[in-house]
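The task is simple: from the sequences and hints, build the whole structure.
The lines below spell out each chain.
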Amino acid sequence: MSPENAATAAKLNITAGNRSKTVEMIVTGVLIACSLVAILVTVGIVFSLLFESLRFFERVPMSEFLFGTKWSPQTALRADQVAADGAFGAVPLITGTLLISFIAMCVATPLGLFSAIYLSEYASKRTRDWVKPLLEILAGIPTVVYGFFAALVVAPMLRSTGESVGLNVSSESALAAGLIMGVMIIPLISSLSDDVINAVPQSLRDASLGLGSTDSETIRNVILPAAIPGIAGSLLLAASRAIGETMIVVMAAGLAANLTANPLEAVTTITAQIVALLTGDQEFDSAKTLSAFALGLLLFIVTLILNVISLKIVNKYREQYD
Amino acid sequence: MNNIVTEMSGAASVQNKPAVNKAPIFTAKNVDVYYGAKQALDKINLDIPRNKVTSLIGPSGCGKSTFLRCLNRMNDLVDICRVEGDIQLEGQDIYAPEVDVVALRQHVGMVFQKPNPFPKSIYDNIAYGPRIHGLTSSKSELDDIVEWSLQRAGLWKEVSDRLQEPGTGLSGGQQQRLCIARAIAVRPEVILMDEPCSALDPIATATIEELIDELREKFTIVIVTHSMQQAARVSQRTAFFHLGNLVETGATKTLFTSPEDERTQNYITGRIG
Amino acid sequence: MTSMLTTPTRLRKSREASETRFKWFGRGAIALSLAFLVFMVGSIILQGKGALTTSEIAVTVDLSADNIDPNDIEATSFDSLMKKSLRETFPEVTSRGDKRKLYGLLSVDLGFELRDQIIADPSLLGGPQKLWFTASDDADLVLSGTVDRNLDEENRRMSDLEISWLETLEQSDSTNREFNTKFFTNGDSREPELAGILSALMGSILTLSVCFFVSFPIAILAAIYLEEFAPKNRLSQFIEVNINNLAAVPSIVFGLLGLAMLLNTFGLPRSTPLVGGLVLSLMTLPTIIIAARASLRAVPPSIREAALGMGASPVQATFHHVAPLALPGILTGTIVGMAQALGETAPLLMIGMVAFIADVPSSIVEPAAALPVQIFLWADASERAFVEKTSAAIIVLLVFLVLMNLMAIYLRKKFEKRF
Ligand SMILES: Nc1ncnc2c1ncn2[C@@H]1O[C@H](COP(=O)(O)OP(=O)(O)OP(=O)(O)O)[C@@H](O)[C@H]1O
Ligand SMILES: [Mg+2]
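Chains as they are written, first to last, in full-length UniProt numbering: chain D, 1 to 322; chain H, 1 to 273; chain B, 1 to 419.
Hints should not be assumed to be uniformly reliable.
As the list claims (entries may be wrong) - Subject to a maximum C-alpha distance of 16 Å in a straight line, what follows is the list of computed EDC-like cross-link-like pairs (lysine to aspartate or glutamate):
id: 1; chain 1: B; residue 1: K232; chain 2: H; residue 2: D79
id: 2; chain 1: B; residue 1: K13; chain 2: D; residue 2: E121
id: 3; chain 1: H; residue 1: K43; chain 2: H; residue 2: E248
id: 4; chain 1: B; residue 1: K83; chain 2: B; residue 2: D62
id: 5; chain 1: H; residue 1: K114; chain 2: B; residue 2: E305
id: 6; chain 1: H; residue 1: K52; chain 2: H; residue 2: D261
id: 7; chain 1: B; residue 1: K182; chain 2: B; residue 2: E92
id: 8; chain 1: H; residue 1: K43; chain 2: H; residue 2: D32
id: 9; chain 1: B; residue 1: K23; chain 2: D; residue 2: E265
id: 10; chain 1: B; residue 1: K23; chain 2: D; residue 2: E217
id: 11; chain 1: H; residue 1: K43; chain 2: H; residue 2: D86
id: 12; chain 1: D; residue 1: K312; chain 2: B; residue 2: E240
id: 13; chain 1: H; residue 1: K52; chain 2: H; residue 2: E210
id: 14; chain 1: H; residue 1: K29; chain 2: H; residue 2: E248
id: 15; chain 1: H; residue 1: K157; chain 2: H; residue 2: E147
id: 16; chain 1: B; residue 1: K13; chain 2: D; residue 2: D215
id: 17; chain 1: B; residue 1: K23; chain 2: D; residue 2: E121
id: 18; chain 1: B; residue 1: K413; chain 2: D; residue 2: D129
id: 19; chain 1: H; residue 1: K22; chain 2: H; residue 2: E90
id: 20; chain 1: H; residue 1: K29; chain 2: H; residue 2: E84
id: 21; chain 1: D; residue 1: K21; chain 2: H; residue 2: D100
id: 22; chain 1: B; residue 1: K99; chain 2: B; residue 2: E162
id: 23; chain 1: B; residue 1: K232; chain 2: H; residue 2: D76
id: 24; chain 1: D; residue 1: K21; chain 2: H; residue 2: E98
id: 25; chain 1: B; residue 1: K83; chain 2: B; residue 2: D98
Unchecked claim - Okay, the calculated beta carbon distance ranges per label pair:
id: 26; chain 1: B; residue 1: Y410; chain 2: D; residue 2: A33; range: 42 to 50 Å
id: 27; chain 1: D; residue 1: K125; chain 2: H; residue 2: H226; range: 33 to 41 Å
id: 28; chain 1: H; residue 1: K253; chain 2: D; residue 2: N315; range: 53 to 61 Å
id: 29; chain 1: H; residue 1: I80; chain 2: D; residue 2: W130; range: 43 to 51 Å
id: 30; chain 1: H; residue 1: I80; chain 2: B; residue 2: R297; range: 14 to 22 Å
Hint data in this document are derived by calculation from the structure and do not stem from the laboratory.
Note that the structure is a prediction, hence the values are computed from the model and not measured.
Beta carbons are placed, not taken as given, at the ideal position from N, Cα and C, and that holds for glycine.
Okay, structure coming up:
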């Protein structure tokens, strides 16, 4: 008797397929495990930073770390030399980080935004197809290259320009690092803002143009206000990127922990100090080494907050126009 | 010709014996379907007779597709969809916990509104079902099933010399027949068709309609259609849905010539829909 | 009537002007950004060009049996023989300091180079031979014209005397410039003229391999789960938020994770491609997952329906139909992620891949450098000649990045819109 005869004569078998259930369960299990890796990594980051930071705060009070204005970590020369631990006030690093990021944002915001506006509202499709990937190249260049360029070309250039107008520009000035970092994040801002601007519904544009507004008036009065939340989100993301950027500041900004708002002076940043503390010889238990993890924790928390806020804003914005 | 295929034709003649023929293959009792809080079907009672074509008609949004997709549990894919009531295939509750949807869909195949061949060769499109269900044990058996299915779907002559070319390269009508061939290759009892001709031109439609009429010999067919002419041409029984209710069922001829319900009357004369 | 539509009023004129201005701001922003790109890449290429060629100096060496015993070549003191030959070329040099300067025209490896040439071609033995040797970095800078000879003596590293020797050599056709194969076949070295990128390149390749084999499978499977199977519950949402955030965590934080977890807790070997690759894979994971999900989402639902409607299980539908269709997109995303990983420096510094490594690593558990780290180290070095090397190493890195991105673009174009 053929299978169909059996099937129709008896009951149809709809309770068990021919495939192996165990195999499918294993596959599903593996899939779930892989996606849990993402959580595992986050947990790993939080725990390793937290754990080492707590050990640091056993030696140096948190208040000194957060509010102290002097940063000069020294390793004890002898094991019993507690006092030689140095000063761990992170304020100069925080202000240095903010100063450089601020300069970077001052460069990248106008350039990135205007590029995005031009590309999404004025440029022909052909121009877009060419210019967008070219701009993306800026994002694809490794930061160590930017750092090299900043230290080798831009800093001396600023120094000699400064000299010619009678200004004393440090060879590791915040300005050089900030300018170059700004260039690096232009494509981040332009491509995110481009998406955001493109998401503004055509009907709004038509409404404004239909009233006789020019293109630029439409952009300024209708599109930008509608896109503001999304743009804000992308700026926050760019700021978080600037704060966490490491190689440019390591190579161009140096290690002088000056508490200053003068962009022509040398400052140092959180990331540059982490690198300085953890490269070269280190004993793992010294306050100096542990302080790098406290700085890492600070960096992680700040960038996390910026990222969460910006993702929230951008998602909300997307839903609004979906 | 090969054994399996002859056996398959044999199977059909067995099925045609009046003794097996009487009982409906599907019985739906008090079926309610909800999408979230919204009720899409309300207390549907409908029997699907064996080896006949049953058409589901009604205005857009009345729940035809929803009902059709209950029959092979494609609605399971919609997270918010909830089905209540009782649907039996050959006396077995298809929503019972021990039922394996995969096995169910092997017996209740589906053809979709838009032809959706896999982006693979014509041969692989049809061989896919028999392969995953382990229906064949050798390459030559598989070849025979592919040929049989394409012949039954009236596509063999057109594609027999290019089985290795991609299925997506065929014309719309050919693609839909490929999908039908793909559905019958796993030898289901029932084939569900959701507006199978709506994306096709009149000539391709006519071909498919003929095909449906031939397939009735071996399979039970349930078809959703917006064209009353099509329902009249291909089906023996018709069910008219309206706003989530099953208004009227009956032999196609009777339903179109002397409908009992006023709503049916209005619909077939074009006053609602 | 028509005049109203055509004659510009004062207001119209100013509005038009502001329109034009606005447009030019946009053009200016793009032009400025691209000009910077050209300036930066251009100046690095110009700088790095010099490192792709190297100078050689010919010295006549007496290879007669007086100096080298043909039966026991290894017993020769090649260094002294070289120095003697140099002194014979410039007999007027007598003072000790000047002699040292004279030897400094050639690289410190001069003895080895002589030995290698003799072993490669023993028929040289027997009499005086004019042989070529690598010039030292300072001599190379003068010979290549990178350092201006007419500069004041105190502004350059080579004295007038040394330059006069080089000029004598040039006049007797004893200098030569050649493609710098050593740059591609040597490992790192303290001597710029001998330093090459092979060790760093191998380190990068090993590191990227680890990164790929860890992150690619995990990312694909995670993306498949999240896109095709995950129920819309708290857990899936939490995973999703996690992935998006991880994509924006500063890279140096991943380095700290690697230092604390992989090195100190799990005790994996420091400075190795294994650890470097693992750290980079954690970083690229979110990039690939996000790209893979987008590409799975682009597979039309009709394909899934078709498979499920035939009685394929969800696992079968995914692995037989959906995933293969999404693969080109997933690969594109993976290449982009790998390119990012290739240029990443900061996390590698954290796990100690900054050590001076001259040997070419042959396994993932040997200490190794990586290309971007090598750039960082050379950029820090004091010798003038390392500036060229750094630029050349950057060019090599950029060439790799360009190749990878071209591959990604090719894949994207080839498989674009197939359904
Ligand atoms: N996935 C879904 N989520 C929410 N509501 C749905 C979904 N699918 C269908 N509905 C709703 O269920 C009702 C019935 O839909 P169904 O698709 O069954 O109609 P139909 O009779 O097939 O219509 P048409 O002739 O246009 O195909 C409609 O009101 C529809 O809005
Ligand atoms: Mg429908």
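Hints and how they fare:
1. Straight-line distance between C-alpha atoms of B:K232 and H:D79 comes to about 9 Å, which keeps the hinted pair within the 16 Å bound.
2. Taken as a hint, the B:K13 and D:E121 pair is broken in the structure, with Cα atoms around 21 Å apart against an allowance of 16 Å.
3. For the hint linking H:K43 to H:E248, the alpha-carbon distance of about 13 Å falls within 16 Å, and the restraint holds.
4. Of the supplied pair hints, the one linking B:K83 and B:D62 holds, its CA atoms being roughly 12 Å apart against a limit of 16 Å.
5. Pair hint H:K114 plus B:E305 holds up; C-alpha atoms about 11 Å apart against a cutoff of 16 Å.
6. Pair hint H:K52 plus H:D261 does not hold up; C-alpha atoms about 24 Å apart against a cutoff of 16 Å.
7. For the suggested pair B:K182 and B:E92, the alpha carbons sit about 33 Å apart, so the restraint of at most 16 Å is broken.
8. In summary, the hint linking H:K43 to H:D32 is supported, as the alpha carbons are separated by about 5 Å, within the 16 Å threshold.
9. As the CA atoms of B:K23 and D:E265 are separated by approximately 36 Å, the hinted pair breaks the 16 Å bound.
10. Straight-line distance between C-alpha atoms of B:K23 and D:E217 comes to about 11 Å, which keeps the hinted pair within the 16 Å bound.
11. Of the supplied pair hints, the one linking H:K43 and H:D86 holds, its CA atoms being roughly 10 Å apart against a limit of 16 Å.
12. As the CA atoms of D:K312 and B:E240 are separated by approximately 13 Å, the hinted pair is consistent with the 16 Å bound.
13. With a C-alpha separation of about 14 Å, the suggested pair H:K52 and H:E210 falls inside the 16 Å cut-off, and the hint holds.
14. Restraint check for H:K29 and H:E248: the C-alpha separation of about 15 Å stays at or below 16 Å, so the hint holds.
15. Between H:K157 and H:E147, the direct Cα distance comes to roughly 10 Å. Compliance with the 16 Å bound is thereby established for this hinted pair.
16. At most 16 Å may separate the alpha-carbon atoms for a hinted pair to count; B:K13 and D:D215 meet this at roughly 14 Å.
17. The straight-line distance between the Cα atoms of B:K23 and D:E121 is roughly 10 Å, inside the 16 Å bound, and the hint therefore holds.
18. For a cut-off of 16 Å, the pair hint linking B:K413 to D:D129 stands: about 13 Å separates their Cα positions.
19. Between the alpha carbons of H:K22 and H:E90 the distance comes to roughly 12 Å, so the proposed pair stays at or under 16 Å and holds.
20. Between the alpha carbons of H:K29 and H:E84 the distance comes to roughly 10 Å, so the proposed pair stays at or under 16 Å and holds.
21. With a CA separation close to 10 Å, the supplied pair D:K21 and H:D100 stays within the 16 Å bound.
22. Of the pairs offered as hints, the one joining B:K99 and B:E162 holds, with about 10 Å between alpha carbons and a cut-off of 16 Å not exceeded.
23. Distance restraint check for B:K232 and H:D76: the Cα-Cα separation of roughly 14 Å lies within the 16 Å cut-off, and the hinted pair is therefore satisfied.
24. For the hint linking D:K21 to H:E98, the alpha-carbon distance of about 13 Å falls within 16 Å, and the restraint holds.
25. A hinted pair counts as satisfied when its Cα atoms are at most 16 Å apart, and B:K83 with B:D98 qualifies at roughly 12 Å.
26. Separated by about 33 Å at the C-beta atoms, B:Y410 and D:A33 break the suggested range of 42 to 50 Å.
27. Checking the proposed 33 to 41 Å range against D:K125 and H:H226 shows it holds: the Cβ atoms sit about 39 Å from each other.
28. At about 57 Å, the beta-carbon gap between H:K253 and D:N315 stays in the expected band of 53 to 61 Å.
29. For the pair H:I80 and D:W130, the supplied restraint of 43 to 51 Å holds, since their beta-carbon distance comes to about 45 Å.
30. Between H:I80 and B:R297 the Cβ separation comes to about 19 Å, which falls inside the hinted range of 14 to 22 Å.
Consistency note: the structure conflicts with the earlier hints numbered 2, 6, 7, 9, 26.
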